[in-house]
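Student: Let's have the full structure, built from the sequences with the hints guiding it.
Taken in order, these protein sequences are the chains called A and B. Counting from 13, one number per residue, gives the positions in the first sequence under the working numbering. Counting from 798, one number per residue, gives the positions in the second sequence under the working numbering.
The hints are simulated quantities; they were obtained by calculation from the structure and are not laboratory data. Check before you lean on any hint, since a few could be wrong.
Sample of chain B residues facing chain A (criterion: CB under 7 Å; computed from the structure) [claimed, not checked]:
1. Ser818
2. Val821
3. Arg822
4. Ile823
5. Ala824
6. Lys826
7. Gln835
8. Lys838
9. Phe844
10. Arg845
11. Leu849
12. Gly850
Every residue, glycine too, gets a C-beta built ideally from N, C-alpha and C.
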Amino acid sequence: MNIAFTTVLLFIILAPGFLARIAYNSSKLSVADSNRNLVNELTWSIIPALTLHIIFVAIIQNATRYSVDFVQLGNLVLGTSQNADARFAQLNDYKYAIFFYNLILFKTSFVAGYLLRKMVRFFKLDRKFRYFRFSNKWHYIFSGECLDFPDVPDEYEEITNKIINVLCKVNGRTVLYTGEYFNYYVDGKGDLEAVHLKYPIRRYLENDKAGDEDYYVISSRYLMIPNSDIININFKYINFEEVDEAELSEEEKDNAIQLSE
Amino acid sequence: MLKFIHKSGKASVTSNPEIGSGLVRIAHKISAVSGESQLVKIGGRYFRVRELG
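Tutor: If you want it as structure tokens, here you go:
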């Protein structure tokens, strides 16, 4: 037996962990880590792979007439050349059983990774504990889920609207774009690529104490701002509820904030 | 009557363009320092607005 066979065998053994990790990280919450390569991924797959194998071996040995021959498996992994023909002959006898064991295990691993991600999200573990946090930090900022981080007042569920101010450099001038959050885009490395605003307005930043008349209402409902133009982004997480006019006193109505005529 | 604000456990969407646009234009007047809700008037309707976080 050669090293290539052992490598393939190890890959198959670690594949359940690898697949579970792929399913866990297959969402907008996760971005590719440039420091990770295939060897890294397989290394991080060892513990989930072994866990899934132990569960499956226990089921197989207790619920079916089959059992795993660990001596045989050890010899194959170590690449021992003694009695290789006999060992492969034994493998041939159980090829369908081995195939279906791995097929079911691989599918279960993928579903387990998916369900684990759903569970982390359902119980909000990623917001409560840093350890469970997904790699796409922009998701927590743009969605407002960062309000559920420890020691941050208020809660994500209270948010009804997100207003975003994007400070940009355009033709040498500093421009502040304001709009309601619509979407954001990240590249393959997880860096912000663009911000998508709804109901955009803008003003030049020369005058910090700008009035309503300094804002220009952009004549389109959506505006995309590429990250290359962005200097910084300001977020306003807002709770916005309509009130019945009859419940308000004349004084409250007079003092209400409104746009200049 | 069109109901454009709802709290269903997730961030709601301001689907009325007049109100959505009005909120964006008035947002800079909402105090980030005060934790109290502030009354705003957009398109002849009144809303309580509070900045979170």
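Student: Would the stated hint for B:Ser818 survive a check requiring a Cβ distance to chain A of less than 7 Å?
Tutor: OK, holds: B:Ser818 within 7 Å of chain A, min 4 Å.
Student: If you take the shortest Cβ to Cβ gap from B:Arg822 to chain A, is it below 7 Å?
Tutor: Interface hint status for B:Arg822: holds (6 Å vs cutoff 7 Å).
Student: Quick check on B:Ile823 please, does its C-beta sit within 7 Å of some C-beta on chain A?
Tutor: 6 Å, holds
Student: Is the shortest C-beta separation between B:Lys838 and chain A less than 7 Å?
Tutor: Cβ of B:Lys838 sits 4 Å from chain A, so the hint holds.
Student: Can the hint on B:Phe844 be confirmed by a CB-to-CB distance to chain A that is less than 7 Å?
Tutor: 5 Å, holds
Student: Identify whether the interface hint at B:Lys826 stands, where standing means a beta carbon of chain A within less than 7 Å of its own.
Tutor: Cβ of B:Lys826 sits 5 Å from chain A, so the hint holds.
Student: Let me know if the C-beta of B:Arg845 comes in closer than 7 Å to any C-beta of chain A, holds or violated.
Tutor: With Cβ-Cβ at 5 Å, under 7 Å, it holds.
Student: Classify the hint on B:Leu849 as holds or violated, based on whether any CB of chain A lies nearer than 7 Å to its CB.
Tutor: 4 Å, holds
Student: Does B:Gln835 hold up as a contact with chain A if the rule is Cβ-Cβ below 7 Å?
Tutor: 6 Å, holds
Student: Should the hint that B:Gly850 touches chain A count as held when the rule is a Cβ pair under 7 Å?
Tutor: 5 Å, holds
Student: Could you check if B:Val821 really has its C-beta closer than 7 Å to a C-beta on chain A?
Tutor: 5 Å, holds
Student: Can B:Ala824 be said to touch chain A, with a Cβ gap under 7 Å?
Tutor: 4 Å, holds
Hint check: no violations occur; every hint is consistent with the structure.
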